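Enquirer: Spelled out from the first residue to the last, the chains are:
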Amino acid sequence: MISNIVMATGFVLFLVGLWGVQSHRNILRIIISYSLIGTGAHLVIVAIGYVAGGTAPIIDRALPAAEAPARAIDPIPSALVVTAIVIGLAVTAIMLAYAIRLYEKKKTLNVDALTESKG
Amino acid sequence: MRRLTALTAIALFALVFASVALTYIEPAALSPLALSYVRHVPQDLNAPNVVTGILLTYRAFDTLGEVAALFMAAASVGLVVGAGWRRAGATPAQEPAPPREASEIVRTGAQVLAPLVAIFAAYIIMNGHLSAGGGFQGGAVLAGCAALILMADPQKRLNLKFLGAVESLAGVLLVLVGVAGVVFAGGFLDNRVLPLGTFGAFFSAGAIPLLSVLLGVKVGCELSVILEGFRA
Chain A
2 MISNIVMATG FVLFLVGLWG VQSHRNILRI IISYSLIGTG AHLVIVAIGY
52 VAGGTAPIID RALPAAEAPA RAIDPIPSAL VVTAIVIGLA VTAIMLAYAI
102 RLYEKKKTLN VDALTESKG
Chain B
3 MRRLTALTAI ALFALVFASV ALTYIEPAAL SPLALSYVRH VPQDLNAPNV
53 VTGILLTYRA FDTLGEVAAL FMAAASVGLV VGAGWRRAGA TPAQEPAPPR
103 EASEIVRTGA QVLAPLVAIF AAYIIMNGHL SAGGGFQGGA VLAGCAALIL
153 MADPQKRLNL KFLGAVESLA GVLLVLVGVA GVVFAGGFLD NRVLPLGTFG
203 AFFSAGAIPL LSVLLGVKVG CELSVILEGF RA
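Line by line, the protein sequences give chains A and B.
Per my numbering: the first sequence = residues 2 to 120.
Per my numbering: the second sequence = residues 3 to 234.
Read the hints as simulated data drawn from the structure, not as lab findings.
Note that the coordinates shown come from a computational prediction; the quantities given were computed from them, not determined experimentally.
The reader is advised that the hints may include incorrect statements.
Said to hold, decoys possible - Restricting the straight-line Cα-Cα distance to at most 30 Å, the calculated cross-link-like pairs of lysine-lysine (DSS-like) are: (1) Lys-106/A - Lys-163/B; (2) Lys-158/B - Lys-106/A; (3) Lys-108/A - Lys-158/B.
All chains should be modelled from the sequences, with the hints used to inform the complete structure.
Expert: So this is what it looks like as structure tokens:
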């Protein structure tokens with residue numbers, strides 16, 4: 002049940018971001034929409050790792066080592082999402098750098114001004 | 003017309019996603035791979051945090067590749083918005099507007115908060131193997147501290163040479179610890195080069211705290227360099 006809710010939330014964020022990429026004309030808003038797409042995808046990946054009735058895979062007083070294989074959730078999607086968040090940050094930083102250079106060249110943040118490659 | 007195609011695309015994606023999200027059934031038990039990770043990390047690596055054990059030992063090579071991707075991002079940002087373009091005259095010279103001084107609230111708040119944020123970042127980094135935390139998370143908070151300092155004092159310039167040197171040194175040490183793993187223990191970036199210690203102690207889990215510190219310092223310096231590159 003929880004998995005389905007988190008997965009649906011992730012997909013909704015993905016769709017909101019996709020709509021933002023296609024309907025905005027301001028380049029900064031498009032970059033924010035890409036960030037939303039990434040966040041939605043991360044939520045979906047984390048939701049896949051959930052085991053029914055499970056808890057975080059950290060061995061402490063609440064989860065002794067003997068009970069961990071029975072009650073812990075899948076640690077691999079969490080590890081993959083840690084990596085994915087950092088990569089998303091790197092890509093966003095480069096996109097913003099390009100936005101700065103485009104603004105310096107074209108004096109506007111509107112993507113309709115980038116028509117050089119159109120026939 | 004553009005709205006119509008956008009709406010159609012969103013609707014089709016929503017159909018596919020709904021068919022996945024509504025029919026997904028939670029697994030009742032861990033898969034065999036996850037089971038072996040949850041068993042082996044506390045046993046062989048002596049690390050209570052299974053996710054950090056995976057990230058810094060079993061899949062440490064991926065973490066090294068991600069560190070390389072972050073370095074590439076910092077280098078690309080430095081290339082695209084760096085001072086080299088302005089010096090070469092590629093863009094017409096514009097006098098930057100004199101930066102406004104930050105308000106008193108921001109300045110005072112930064113004076114109080116910046117040391118606390120730095121200590122919190124150090125706590126997150128060092129706590130990576132015991133509870134939730136780790137190198138990447140702490141490094142991001144460290145860069146947040148740098149952002150706070152930059153916001154409070156718009157005239158301040160970070161020492162890019164120092165940050166670059168620290169970042170490169172941390173990267174080299176990371177690879178050296180990995181090679182030490184090949185020489186003295188089971189494989190590349192094996193954490194058993196340092197003594198495993200008692201379970202749950204501050205200095206335990208072999209080389210994982212050392213790798214967390216190196217990762218945290220490297221990520222913090224890289225993000226600070228990116229922040230500094232975005233300024234005029």
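Enquirer: Against each hint, give a clear statement of whether it holds in the structure.
Expert: To see whether the hints hold, each was checked on the structure:
Note on Lys-106/A and Lys-163/B: the hinted pairing holds, with a Cα-Cα distance of about 29 Å set against a maximum of 30 Å. For the hint linking Lys-158/B to Lys-106/A, the alpha-carbon distance of about 27 Å falls within 30 Å, and the restraint holds. Our distance criterion of 30 Å between C-alpha atoms is met by Lys-108/A and Lys-158/B, whose separation comes to about 27 Å.
Going down the numbered hints, you'll see the structure goes against none, and every one checks out.
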